[in-house]
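Q: Residue numbers (the working numbering), protein chains in the order written: chain A, 1 to 238; chain B, 1001 to 1238; chain C, 2001 to 2238; chain D, 3001 to 3238.
It is possible that some hints are incorrect.
Partial chain C-side listing against chain B, Cβ under 10 Å, derived [as the list claims (entries may be wrong)]: (1) I2020; (2) F2080; (3) L2091.
Heads up, simulated DSS-like pairs for lysine-lysine below, C-alpha to C-alpha not over 30 Å straight-line [to be verified]: (4) K2209(C) <-> K90(A); (5) K1051(B) <-> K3111(D); (6) K64(A) <-> K2176(C); (7) K2064(C) <-> K83(A); (8) K3083(D) <-> K1065(B); (9) K2090(C) <-> K2158(C); (10) K64(A) <-> K2181(C); (11) K3111(D) <-> K3064(D); (12) K78(A) <-> K2145(C); (13) K2128(C) <-> K2149(C); (14) K1064(B) <-> K3083(D); (15) K3064(D) <-> K1083(B).
Treat the hints as calculated values from the structure; they're not laboratory data.
None of these values were measured; they are calculated from a predicted model.
Think of the CB as a built atom: it goes at the ideal place given N, C-alpha and C, for glycine as much as any other residue.
The chain contents come next:
Protein chains: 4
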Amino acid sequence: MHLPFFISDGENVQQVTAQIRFTVALAENLRGTHMSRLTEILMNWTRRPIKISDVEKILLDALKKLSTDGAAISMAFKYFVEKISPVSSKLSLNAVDCSFSGELTRGERMKFTLGLEVPFTSLCPCSKEISDFGAHNQRSVCRVKLRFKNFDGVSIEKFVRLIETQGSAEVFPILKREDEKFVTEAAYRNPKFVEDILRDVVLALRREKNLEAFAVECENFESIHSHNAFAAHEEILP
Amino acid sequence: MHLPFFISDGENVQQVTAQIRFTVALAENLRGTHMSRLTEILMNWTRRPIKISDVEKILLDALKKLSTDGAAISMAFKYFVEKISPVSSKLSLNAVDCSFSGELTRGERMKFTLGLEVPFTSLCPCSKEISDFGAHNQRSVCRVKLRFKNFDGVSIEKFVRLIETQGSAEVFPILKREDEKFVTEAAYRNPKFVEDILRDVVLALRREKNLEAFAVECENFESIHSHNAFAAHEEILP
Amino acid sequence: MHLPFFISDGENVQQVTAQIRFTVALAENLRGTHMSRLTEILMNWTRRPIKISDVEKILLDALKKLSTDGAAISMAFKYFVEKISPVSSKLSLNAVDCSFSGELTRGERMKFTLGLEVPFTSLCPCSKEISDFGAHNQRSVCRVKLRFKNFDGVSIEKFVRLIETQGSAEVFPILKREDEKFVTEAAYRNPKFVEDILRDVVLALRREKNLEAFAVECENFESIHSHNAFAAHEEILP
Amino acid sequence: MHLPFFISDGENVQQVTAQIRFTVALAENLRGTHMSRLTEILMNWTRRPIKISDVEKILLDALKKLSTDGAAISMAFKYFVEKISPVSSKLSLNAVDCSFSGELTRGERMKFTLGLEVPFTSLCPCSKEISDFGAHNQRSVCRVKLRFKNFDGVSIEKFVRLIETQGSAEVFPILKREDEKFVTEAAYRNPKFVEDILRDVVLALRREKNLEAFAVECENFESIHSHNAFAAHEEILP
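Take the sequences, apply the hints, and build the full model.
A: Here is the structure:
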């Protein structure tokens, strides 16, 4: 189902249109659950900001109101981050596909995963090297699933910035001529295979002290093929 | 609904997985139609090749078996065309989104539309001109809707070839190093805005004597934005 | 592209996540357009409520800033309407797929189309009649495209209400046991074919004095098939 | 990417349009892989039937031709199974979403997962019990992921039959009046919550000696809500 939620990220609160999946564990002696109680819990959360630690409160509500020992929720929404064009400094907004996924078992701590899908440009090193001029490039996305030790202070925007700077160049909704020159040349100077980008995202994530585990997928919408190039890695941090 | 169909294109017959919408006009004195009769008609066509003129036969069947004065069908499927890599001559297959749409009113001739969605590469002339090196490029698609005077001899593959050569370069499922060099340089030598590609497709279609009308949309999955560039035109031929 | 917009509907303002297509006519003497100017225009509209007559202002902006004679925009978003469960009176929100589409040619009045996709239940009259007990029913949607004479006072919510009451029963996000009994029995008492629902929507729309033209599609996600039943009609009002 | 494949299931061979993801492990000392070699391997498999044990051959090809220690492939396609209407005995075809997923590490046995998404009808026991007449029902799907001990003799069709009979009633593309009466009454006599269907699928799968592990998801496209009811379970068999 879809509901309007207010997502709180650091100082910012943003209203989003969230697609929600909300489930509870079913005790062996019960035949089915009370779906409408789940919707009632969600309705209570449509008027106040939701930060990551609030996801645990939603799940605790579910344990209580449905007398169950386990509950899980995922909310997927577009989250907007500001982009300033690199030369002309024009402000615009990029939509990032974002998800909050929480799982709670009674008596334990919530397992929370932040999902992000962040776009950027990639330019092929092989194409640059072998060609007398030009190099094929394309839009790419990086999808991450991040699991945190502490939920306080986790910032969606910080991780979007961390990821979008690992491609050959960033993408921007507004680019004047001088910006287009800048972005074209920046990408040409910084060629990266999909595997290079994956490695750089992995290295950047390993430096994040608050991460417990992560999974990364990078995908290039290859401009010279009608299929995509893909690389993936996952890791549990010590 | 989906059904397996054999599509006949010139000398070739190809089995496809078709998504079908099949409707009939409802006489004023009737409350509803007999949906299962439509499925029965379609089942008769799962074992023999369907060429464009057969779409009219399917619709005539519907007029007869459902005692109605109008019927319409659309079948959407992936159609595979062979691609030979430009230097190494490796054979592979590109999937093209294809649709057959027919409308028949009793006593009239079928109105038939062939829909195609064909991928290729585009390279931005502005980016090439203003940059000291490189130029942004990306995968693009051209969607056409073609209406024909005569149905005999219409070739899906011919129109795919006509369209895929209007971009900056063609896309290929297999590209060895020498092919990648060729395609990269070809695109760089042939920069085109989305509007340029549209105009060239329009000019090529105007030369087709058997066309009655057409609509064209070109879309670039811009590598420097997370949004797309788009151009469209439609025309009735004299 | 996607942007957060505030949609104004009568007394209400609702923030939405809008998917936008924004295009301008290209003069014959120009090779391409300035895409980023379109994004700049849109950015100006992310902070203030947009009502239907504002869509014309956005398009006028485009005519001016891109020196063109034609512009078109469509914005598609989920719009939430309140639903009160029929017996227990519990409040919840239903998401309706909504679109604003405007086309403006210099010197003319904007052509505006409101698109809505509204869910409800349908119960099959034939199944009810021939069966000793029960009757198959399913979720259905009605998609309308509405063209208006005057833009002031057009209410999204009013048309959602008008449409959702034409099925066999309404759908609700929260239904307690007493509500479920009510809805089940209401649908059983009010069996309708997809064609019946279409006719009733058409009759209701013909009574709307402010409509110039409309198109309606109804689709049942048949519970006894894995395909859907479909009916469509369009009309220009005198 | 998409390719036409011939899928072999017991005695039957069926041509399908497969969406493919094909990846290899990248050795630490290598910067990137040779994507086109993967496409070349796949092209070799477009002309001969593929049964489950052939997926291992495709992966062995990848280990060899890309000098790697790991490879994975998934192919997703619509597979058609025959349906005979229950009273009138009319033959038609139901499309089932099917996937073959294989992972191979050098020196080990392939891990293979068969994915199926099978549609049927569900009728709500609560709605039946509390209502004076009727009961809400809807289309449902069951998604399974099946892991096998032995690959020989695994039958797609057998598992489709096993699953589609666990709902309240089966769905059929062709239903004459006598069939519609049969299906309507069958569903009314056999009410099941989404959790009931899940449990019955789980019990049926536990009886399959050749299964090593499975995951099951059932989803009802609720006719009285615009959201869905959902239940899931996974299990490793002893």
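Q: Now tell me if each hint is right for this structure.
A: A quick look at each hint next to the structure:
Interface hint status for I2020(C): upheld, as the beta-carbon distance to the closest one in chain B is roughly 8 Å, under 10 Å. Because the closest C-beta pair between F2080(C) and chain B is about 25 Å apart, greater than 10 Å, the hint is violated. This hint is violated: L2091(C) has a C-beta 36 Å from the nearest C-beta of chain B, more than the 10 Å allowed. With a C-alpha separation of about 45 Å, the suggested pairing of K2209(C) with K90(A) is violated against the 30 Å cut-off.
Simply put, K1051(B) and K3111(D) have alpha-carbon atoms about 42 Å apart, too far for the 30 Å limit, and the pair is violated. Taking the CA atoms of K64(A) and K2176(C), the gap is about 18 Å. The hint holds against a cut of 30 Å. Among the hinted pairs, K2064(C) with K83(A) is consistent with the structure: their alpha-carbon atoms are about 25 Å apart, no more than 30 Å. The suggested pairing of K3083(D) with K1065(B) holds, with an alpha-carbon distance near 22 Å, which does not exceed 30 Å.
Taking the CA atoms of K2090(C) and K2158(C), the gap is about 20 Å. The hint holds against a cut of 30 Å. The hinted pair formed by K64(A) and K2181(C) meets the criterion: a straight-line CA distance of about 26 Å does not exceed 30 Å. For the proposed pair K3111(D) and K3064(D), the alpha carbon gap of about 18 Å is at most 30 Å, so the pair holds. About 26 Å separates the Cα atoms of K78(A) and K2145(C), which keeps this hinted pair within 30 Å; it holds.
Pair hint K2128(C) plus K2149(C) does not hold up; C-alpha atoms about 41 Å apart against a cutoff of 30 Å. The suggested pairing of K1064(B) with K3083(D) holds, with an alpha-carbon distance near 25 Å, which does not exceed 30 Å. At most 30 Å may separate the alpha-carbon atoms for a hinted pair to count; K3064(D) and K1083(B) meet this at roughly 25 Å.
In summary, the structure is inconsistent with hints 2, 3, 4, 5 and 13 from the numbered list given earlier, while agreeing with the others.
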